[in-house]
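Q: From just these sequences and the hints, can you work out the full model?
Protein chains in written order, with my numbering: chain A, 1 to 147; chain B, 1 to 159.
Just so you know, these hints were derived from the structure itself, not from any lab. Hints are not guaranteed to be accurate.
[As the list claims (entries may be wrong)] When the alpha-carbon atoms are kept at most 30 Å apart in a straight line, the in silico DSS-like pairs for lysine-lysine are as follows:
(1) B:92 x B:143
(2) B:76 x A:143
(3) B:76 x A:140
(4) A:119 x A:39
(5) A:119 x B:76
(6) A:39 x A:49
(7) B:76 x B:92
(8) A:12 x A:49
(9) B:12 x B:92
Just so you know, these numbers come straight off a predicted model, no measurement behind them.
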Amino acid sequence: MTEEAIVDAVRKAFPEGVTIGGVAPRRIFARADRAIIYKLCEFLKNQLKFDHVSCVTGVDRIDRFQVVYHLSSYENRCVLEITVDIPRDDPEIDSISPLWGGANWHERETYDMFGIRFKNHPRLERIFLPEDTQFFPFRKDFKLGRQ
Amino acid sequence: MRATGVKRAVDKITTPIWSWSLRNSIFPLHFGIACCALEMAASSAPRWDAERFGIVYRSSPRQCDVLLVNGWVTTKLRPDLRRLYEQMPEPKWVIAMGECAISGGPWYDSHTVVQGVDTFIPVDIYIPGCPPRPEALLDGFLKLQDKIRASTKGRFLED
Ligand code: SF4
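A: Rendered as structure tokens:
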């Protein structure tokens, strides 16, 4: 499938909640609502053959958090970047690790660093820092030199 | 026995033997944490050949007498490093190699790096540098030999 065909298929299946931000060779940029992210990913995996999640990470925009997904497809030869805004006072989003096992540790890392909770994650625990850590170091309001 | 001076006499004879054997068979733990571990590897390779001083790396803490800490210690590693130290039999010494092990190094104010090994393990020798050259590492081991020579007591007749 070409990039345009993928964009059309996504637009048709999700008339609301997904905005396509741009298309470049082998790249599609999209924004999605957090309510539909699991359904969107399910659709991408099962219908459009996006078989690999390269990265899941977080961004702190100070007034909100973002979760950024990079999904890639061997068959379509393209990478789809999905950005999801989530409010800062309720950082929670559906986990996509039931779909792709590879998202498991990425989501744990995002939880560890940003404190974003992933619902239905099989084991949402800290991955780098000790269990009793009280802070999330990649948040902008975390100050270095605290020791 | 102490009153008759026998222990003193025996100590006088055996102390140099204990000290000689201790300082010429320094077995550090083969435990590399970060980039300084590459210098540790280089120092035991043919060019510097640490083995000529009796420095042989062992993989089990039960067989070691030196804990060579070479790299930054994170808060997650700290309990395990302390356990390794406690698993080593006496007599034992600790060498802090490189800025990271001494004070946290370039990451001294990071959210997870411990500011120096001496905050939770007693350290005998500090080797500064980032990283210290293999010569500096060998020099640190020679300083440790001096320290062993100066501090060993007779251990043949323990009281
Ligand atoms: S002191 Fe320098 S070379 Fe050694 S572990 Fe730290 S950063 Fe690496």
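Q: A separate judgement is required for each hint: does it hold in the structure or not?
A: Status of each hint after checking the structure:
1. Our distance criterion of 30 Å between C-alpha atoms is met by residue 92 (chain B) and residue 143 (chain B), whose separation comes to about 15 Å.
2. Between the alpha carbons of residue 76 (chain B) and residue 143 (chain A) the distance comes to roughly 20 Å, so the proposed pair stays at or under 30 Å and holds.
3. Between the alpha carbons of residue 76 (chain B) and residue 140 (chain A) the distance comes to roughly 23 Å, so the proposed pair stays at or under 30 Å and holds.
4. The suggested pairing of residue 119 (chain A) with residue 39 (chain A) holds, with an alpha-carbon distance near 14 Å, which does not exceed 30 Å.
5. Taken as a hint, the residue 119 (chain A) and residue 76 (chain B) pair is honoured in the structure, with Cα atoms around 26 Å apart against an allowance of 30 Å.
6. For the proposed pair residue 39 (chain A) and residue 49 (chain A), the alpha carbon gap of about 14 Å is at most 30 Å, so the pair holds.
7. Straight-line distance between C-alpha atoms of residue 76 (chain B) and residue 92 (chain B) comes to about 24 Å, which keeps the hinted pair within the 30 Å bound.
8. A distance of roughly 16 Å separates the Cα atoms of residue 12 (chain A) and residue 49 (chain A); the hinted pair therefore holds under the 30 Å criterion.
9. The hinted pair formed by residue 12 (chain B) and residue 92 (chain B) meets the criterion: a straight-line CA distance of about 22 Å does not exceed 30 Å.
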